[in-house]
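Number of protein chains: 4
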Amino acid sequence: MSEEFEKLEQVKVPALDEILGKPFKVLDDGFIRVIDYMGSDQSVVQAARVSYGKGTKKLRQDRGLIRYLMRHKHTTPFEMCEIKFHIRIPMDAWRQWIRHRTANVNEYSTRYSIAIDSAQTTKPDEWRMQSKDNKQGSSGYFDVETGRQLSEEERKLQNLARETYQKRIDLGVAREQARKDLPLSTYTEAYWKIDLHNLLHFLRLRMEKNAQLEIRKYAQIIGHEIVAKWVPFTWEAFLDYEMNAQKFSAIELEIIKNIISANTEAVLEIAEKAGWLKVKDGRLVKNLERMEMEEKLELLGLEKPW
Amino acid sequence: MSEEFEKLEQVKVPALDEILGKPFKVLDDGFIRVIDYMGSDQSVVQAARVSYGKGTKKLRQDRGLIRYLMRHKHTTPFEMCEIKFHIRIPMDAWRQWIRHRTANVNEYSTRYSIAIDSAQTTKPDEWRMQSKDNKQGSSGYFDVETGRQLSEEERKLQNLARETYQKRIDLGVAREQARKDLPLSTYTEAYWKIDLHNLLHFLRLRMEKNAQLEIRKYAQIIGHEIVAKWVPFTWEAFLDYEMNAQKFSAIELEIIKNIISANTEAVLEIAEKAGWLKVKDGRLVKNLERMEMEEKLELLGLEKPW
Amino acid sequence: MSEEFEKLEQVKVPALDEILGKPFKVLDDGFIRVIDYMGSDQSVVQAARVSYGKGTKKLRQDRGLIRYLMRHKHTTPFEMCEIKFHIRIPMDAWRQWIRHRTANVNEYSTRYSIAIDSAQTTKPDEWRMQSKDNKQGSSGYFDVETGRQLSEEERKLQNLARETYQKRIDLGVAREQARKDLPLSTYTEAYWKIDLHNLLHFLRLRMEKNAQLEIRKYAQIIGHEIVAKWVPFTWEAFLDYEMNAQKFSAIELEIIKNIISANTEAVLEIAEKAGWLKVKDGRLVKNLERMEMEEKLELLGLEKPW
Amino acid sequence: MSEEFEKLEQVKVPALDEILGKPFKVLDDGFIRVIDYMGSDQSVVQAARVSYGKGTKKLRQDRGLIRYLMRHKHTTPFEMCEIKFHIRIPMDAWRQWIRHRTANVNEYSTRYSIAIDSAQTTKPDEWRMQSKDNKQGSSGYFDVETGRQLSEEERKLQNLARETYQKRIDLGVAREQARKDLPLSTYTEAYWKIDLHNLLHFLRLRMEKNAQLEIRKYAQIIGHEIVAKWVPFTWEAFLDYEMNAQKFSAIELEIIKNIISANTEAVLEIAEKAGWLKVKDGRLVKNLERMEMEEKLELLGLEKPW
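Protein chains in written order, with this note's numbering: chain B, 1 to 306; chain W, 1 to 306; chain L, 1 to 306; chain S, 1 to 306.
Chain B extracted, bound-state conformation:
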């Protein structure tokens, strides 16, 4: 073995050490806290340099290399960092969370132990209205009077659910069966461990405006309060190249190009061919692809040409 290796120490990130174990409060009775971690921005760079060899050693600074990796989706170096959280979260939001399969999980077991005596409550000003446009979303809040009534009914239901559960437990019903009618709002806890690449993927989906508010609140804390401190270069690159980036489809690129060169005829031809310009009763028929294109045009300060 020709190379000499020096002794190493665990990689430490002082800014993260400062908040290790500290719970960030989320929702009315939830929290998230970092239990442990492995690696740093520097570990991403170190792994990339194993992959790409000595050639890269001095050419690029660390920040530039991390941005390059993010931009070109060279994702494996980001997998070299790992973080472990302790989370307290309503089962309803946890049901979504757990769909991310590339993580390690130990959840509080209501077969072994009495269910956590806490359910997420909704304040009178927190009741959201069903969105008309977005079948999976909400839009706006109810007036406080209606909200008060909804919260009161929620309280009654949650109380009855807990009483029923407690009665079953007191009678000696098996915990695994007694829990069957607990509301989805019941809090659970878990240890959740994931690598940085997969965590960023989680954040991209769950910090997005279409993600459900409850899980978004956890994701925002993970992103802005934790990842930003842990791996600041990676976080900056992630915001630039993923979170705040926009993708344009082949058709959209073609249209933008023709708008820029003022070739309206070509634009309309492309849009027509894509089926975006169907007319009914003298108006454009609703078309999701076209509507999303229009949003992107607005983003670029371009007029829609139809």
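Keep in mind the hints are simulated off the structure, nothing from the lab. No experiment lies behind these values; they were computed from the predicted model shown. Be a bit skeptical, because a hint or two may be false.
Note: identical chains are not told apart, hence a pair may lie in one copy or across any two.
[As the list claims (entries may be wrong)] Once the Cα atoms are required to be at most 27 Å apart in a straight line, the calculated DSSO-like pairs of lysine-lysine come out as:
(1) 257 / 73
(2) 286 / 167
(3) 229 / 12
(4) 132 / 167
(5) 209 / 132
(6) 167 / 296
(7) 247 / 73
(8) 278 / 73
(9) 73 / 132
(10) 167 / 278
(11) 22 / 7
(12) 247 / 273
(13) 135 / 167
(14) 296 / 280
(15) 156 / 7
(16) 304 / 286
(17) 22 / 247
Put chains W, L and S on the given structure of chain B with help from the hints.
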């Protein structure tokens, strides 16, 4: 390319084709049915022969090869078969199910659609008592009189939960929020796709006597009604080498060997060293390792020597 | 159970059935062929409708729904289709291939069997020159005279390697050891099974112009000859929204917007702040982010403003 | 939030810290060294207690809990520890290594950089003979004279391979193509990160006597020199319940039970039914299942009854 390949057809298993799409009823309102599948026992053999080359071609018959693969945990050929189910199941059992990460899942979304109007109900003679020995298990049933009372309270709680949900929906509360207090007993549906190796792993855990009764009922149908028809050689090998097999630890092997050769002194020395023979108030202190060993001795028809 | 389910049959795609088992030749002695498959475009739609419920049933046509899923990265319905290939490929390209972890694999074992007696040879006009710009790429071909010499040396080396291997085998050296000096160009074979979502991810990376030519040839056949026939709507959506799409970072979007509104001052300020406009000896210093932006500007028909 | 959490620090294991970064030499020019790690035996316990709740808190000591988890295959708490290695290994062994998919990998890229100038050489006394019994194994060594000749031919082949590679590189052949005829014995390097549960799975397969010698040497060092120091309770439990344990199939259990109760008639009936006792030319026909059973009987000190 020297080899000549003939045209192929999709692999078909007539015994499985017969039940394709047919729902097997589980619990009071659940079901499981096969939507589609790929491969057969023959596909396991075919893949193994790519791995192990021509050497194996005539030496072993198909059944023997499958048993060999199962026995020696050569698991990759079993990954070459895939099956897709449609499942209707209470969210509580689904919460356990989904912890198996190596599967593909599309679950009914209660953000997009109104929650399924059905919750799992418990009949008066179905209420189980908490096991004393097994913190996560149940043991025995309540008398029907107590059961009737429990079922009546269950009914009231489920009704209130559904009314509250319906009221929220009618008012225009966002579906993603309205669902928050649905009971865990609410049915959900999903498409679930998995390869044969990972399905067998699921069955080993979920058909076991310690698995919760509700999920065990689904697992038993998958095993005995579906996998047994789909891949009969694999199923037989799985029962022999996994489901009905027993593992003996290094210590247990040493003890059995010495019991057989009637070397009681050595047995007691090993058990003593393992910390199994602590005495308090003239009786052996409860020790899980020793107790599990005793069960295995009984299985082999051997007397416990302490 | 209120719903009635009809009997099902295995989903079949006649256009794919026609080429089932047929080897597509790749490189000098490689091939790829489809062994079996599960699902179709229709299966993607079917799974999406379980997730998104009845609400979606008539609103969107199948093609529109598939495009929507692709555009919004709702990837799970695409996981509901599965395909199994038989591949013959040089070990060198296979080393890259196998890095895609979300697939099932059975590779020909040179521990069990004699190594395949074939190594990938390079024709005189196929020798590529190292790219100057792209550390991992090639650019242009050698003249045939140089190529002839390179091919001749390749032949000698491959012959010596095979002779040495054969001598070891004849002497009775263990196969697992005899293989140790086989060249990476030696062909191997494998069964490779993957779901449609992960296959598209593989294709996005391996059909790209930066992918190594050898693996790209396999990827192109999978894409254009196989996936295009198997799931034509999915394939079209993939080309539009993934393969031929372009992502613009937060900074790039800001710059394009300001170019369009002719705000050159703002453009330069943003570029300056991003560190793109460093000057040395009167010329812009090489900066990868800026150069990639310039390519995108050209794509849109915009002049670079610096 | 009712609970109070104290500040935490990164979990440290002094015995592992002592060897952090230190290369353990393997084969003639390989090594393995620990780059970083997360967690300890204590972290396994901590995660298990989240899952199983307060009920377990004082009942069992840490060692006992870890043994319980290992025995009952409660694997998720072991996933809460993570370790990262730097490995230098011949490509041939790496080809096997990489088949373990549940790990994070950054391998040295011979597209970006010149291939490592080192190939694994075999000393005259290291040439192994093909096993007759085990198609995938080796058995015994060649005499040194034959070995010397094999080593000499190996040297010539490796030299020609390196010269050819160097000539291509000097001529300007693209690195991605120049490497195509490097021997499998060429060393590569990688960062490899994996959780403790999956690492133990790797060790169970690769420390086993049937694993190829080259990879077994790496596995033994990981096990005995690294994991034993990192998580001593887990390591002890793994040896007892996995590495040195034995599994008995349903048929084998039945036979042992009947041998113990001296019911030879039943034994022979079971063996007959299993197809183990076929006779040809007055001798038992070779049967792998029976032969493996015979080894287990010997292990228990029992005579084979046929």
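Here is what the structure says about each hint:
When the C-alpha separation of residue 257 and residue 73 is checked against a cutoff of 27 Å, the pair qualifies both within a copy, at 26 Å, and between copies, at 25 Å. Taking CA atoms no more than 27 Å apart as the test, residue 286 paired with residue 167 passes in neither setting, with 54 Å inside one copy and 31 Å between copies. Taking CA atoms no more than 27 Å apart as the test, residue 229 paired with residue 12 passes in both settings, with 12 Å inside one copy and 21 Å between copies. Taking the closest pair of Cα atoms, residue 132 and residue 167 come within 27 Å of each other only across two copies (18 Å); inside a single copy the shortest separation is 42 Å, beyond that limit.
With identical chains, the CA atoms of residue 209 and residue 132 are at most 27 Å apart within one copy only, with a shortest distance of 16 Å there and 43 Å across copies. In this homomeric assembly, residue 167 and residue 296 never come within 27 Å of each other (Cα to Cα): the closest approach is 56 Å inside a single copy and 38 Å across copies. Taking the closest pair of Cα atoms, residue 247 and residue 73 come within 27 Å of each other both inside a single copy (14 Å) and across two copies (12 Å). Taking the shortest alpha-carbon separations for residue 278 and residue 73, only the inter-copy value of 26 Å comes in at or below 27 Å, while the best intra-copy value is 38 Å.
In this assembly of identical chains, residue 73 and residue 132 lie within 27 Å of each other by CA distance solely across copies; the values are 22 Å between and 36 Å within a copy. In the homo-oligomer, the alpha carbons of residue 167 and residue 278 never lie at most 27 Å apart, since the shortest distance is 61 Å inside one protomer and 39 Å across protomers. With identical chains, the CA atoms of residue 22 and residue 7 are at most 27 Å apart between copies only, with a shortest distance of 6 Å across copies and 31 Å within one. Proximity of residue 247 and residue 273 under a CA criterion of 27 Å is satisfied in both settings, with 21 Å inside one chain copy and 23 Å between copies.
For the identical chains of this complex, residue 135 and residue 167 are inter-copy neighbours only, at 19 Å across copies versus 39 Å inside a copy, given an alpha-carbon limit of 27 Å. Taking identical chains as interchangeable, the C-alpha atoms of residue 296 and residue 280 lie at most 27 Å apart only when both belong to the same chain, with a minimum of 24 Å there against 37 Å between chains. For a Cα distance limit of 27 Å, the shortest separation of residue 156 from residue 7 qualifies neither inside one copy, at 62 Å, nor across copies, at 37 Å. Only within a single protomer do residue 304 and residue 286 lie at most 27 Å apart by alpha-carbon distance; the minimum there is 15 Å, versus 36 Å between protomers.
For a Cα distance limit of 27 Å, the shortest separation of residue 22 from residue 247 qualifies neither inside one copy, at 37 Å, nor across copies, at 37 Å.
Checked against the numbered hints given earlier, the structure breaks hints 2, 6, 10, 15 and 17 and satisfies all the rest.
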